[in-house]
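Protein chains in written order, with the numbering used here: chain A, 1 to 106; chain B, 107 to 212.
Don't take each hint at face value.
[What the hints assert, rightly or not] Not the full set, but computed from the structure, chain A residues with beta-carbon under 10 Å of chain B:
1. Gly52
2. Arg53
3. Ile55
4. Val59
5. Met70
6. Ile80
7. Val95
Bear in mind the hints are in silico, worked out from the structure with no lab data behind them. Glycine included, each C-beta is placed from N, C-alpha and C at the ideal position.
2 protein chains.
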Amino acid sequence: MPKAKSESKPKTKSERDESVVFVGSKPLMSYITACVTQLNRNPDELIIKARGRAISRAVDVAEVLRNRFMTDLKVRSIEISTETVTTAEGNTANVSAMEITLVKTK
Amino acid sequence: MPKAKSESKPKTKSERDESVVFVGSKPLMSYITACVTQLNRNPDELIIKARGRAISRAVDVAEVLRNRFMTDLKVRSIEISTETVTTAEGNTANVSAMEITLVKTK
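Take these sequences, add in the hints, and give me the full structure.
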């Protein structure tokens with residue numbers, strides 16, 4: 001099946017209304033700058049997502065952002081879940097995931 | 107100052123009403139068994155706490171417990187915060203902390 005071209009792909013709710021930053025294994029400040037950029041583009045809501053080991057870094061991102069860079073942010077909700085991923089060998093593994101939703105206080 | 111004897115120490119709110127499991131660097135199953143024990147003793151509420159790198163393990167504990175061992179549990183709230191710790195050299199450092207509160211659904 002050919003890949004859908006980006007212009008023909010209908011935008012999901014996530015792309016329209018929400019800014020999402022995925023936290024991985026890069027240094028903390030990479031994600032802080034990504035969050036600040038997203039919040040300048042869409043100041044209503046920011047969702048920080050992470051899986052597995054990166055979850056603790058995602059909490060660091062939210063806390064550093066809130067305490068040092070944008071003190072008018074507050075945590076609206078935090079959700080945890082389990083996702084099933086397929087490894088390179090074709091096995092499936094369960095991995096924990098987290099979503100932190102930050103909003104600006106007026 | 108001598109250590110207060112356990113019977114003379116007034117119970118804090120935490121000891122009376124809440125079960126708390128602190129997650130550190132031990133294997134996941136140690137914390138799962140600790141959680142199951144606490145929930146058998148006090149089935150109303152369980153708080154899982156962790157700091158720094160252990161945060162992702164705390165999420166694993168909550169998810170494995172909920173999905174495999176006690177499927178009648180649900181997440182009531184998740185809070186994140188920043189704590190200031192003093193290092194062995196006398197410096198202070200900020201560390202992220204998380205508290206996951208689980209409750210039984212009736």
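inquiry  = Going through the numbered hints above, which ones does this structure break? Give me the numbers in ascending order.
reply    = Hint 5 is the one this structure does not satisfy, whereas the remaining hints hold.
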